[in-house]
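Student: Sequence:
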Amino acid sequence: MSRVCELTGKKAMVGNNVSHAMNKTKRKFDANLIKKRFYIPEEDKWITLKVATSALKTINKIGISAALKEAKSKGFIK
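Going left to right, the sequence shown walks through residues 1 to 78 as this note's numbering numbers them.
The set of hints was computed from the structure by calculation and includes no laboratory data. Just so you know, even glycine gets a beta-carbon here, dropped at the ideal spot from N, CA and C. Do not rely on the hints blindly, as some may be mistaken.
[As the list claims (entries may be wrong)] In silico DSBU-like links for lysine-lysine, alpha-carbon gap of 35 Å or less:
1) Lys45 to Lys26
2) Lys36 to Lys50
3) Lys72 to Lys24
[Stated by the list, open to error] Per label pair, the in silico range of CB-to-CB distance:
4) Ser73 to Asn23: 14 to 22 Å
5) Tyr39 to Lys74: 18 to 26 Å
6) His20 to Ile47: 42 to 50 Å
Build out the structure end to end from the sequences listed, making use of the hints.
Tutor: Here it is, written out as structure tokens:
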């Protein structure tokens, strides 16, 4: 399974490791993802999502239902 946030679409970025001598080698910055279960009271069921920790802050602020609706409108969820 890919390392992509299911609510925001965040995924790995590419950058460089830079040594003291300024030698550069490619590296990957992975998104800070966790697997979390959420309860949807409207549907009376639990869902498991792989979300970024920044998306968790958004869910705490606006609620899971609004966050899911926003993700559907942006096309991250079918």
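Student: If you check the beta carbons of Ser73 and Asn23, does the distance land in 14 to 22 Å?
Tutor: With a Cβ separation near 45 Å, Ser73 and Asn23 fall outside 14 to 22 Å, so the hint is violated.
Student: Between His20 and Ile47, does the beta-carbon spacing fit 42 to 50 Å?
Tutor: Since the Cβ atoms of His20 and Ile47 sit about 47 Å apart, the hinted range of 42 to 50 Å holds.
Student: Between the alpha carbons of Lys36 and Lys50, is the straight-line distance 35 Å or under?
Tutor: holds, 6 Å
Student: Sort out whether Lys24 lies within 35 Å of Lys72, counting only the CA atoms.
Tutor: Judged against 35 Å, a Cα distance of about 39 Å means the pair is violated.
Student: Given a hinted range of 18 to 26 Å, is it respected by the beta-carbon distance of Tyr39 and Lys74?
Tutor: holds, 23 Å
Student: Does Lys26 sit within 35 Å of Lys45, going by the straight-line distance between their CA atoms?
Tutor: violated, 43 Å
Checked against the numbered hints above, the structure breaks hints 1, 3, 4 and satisfies the rest.
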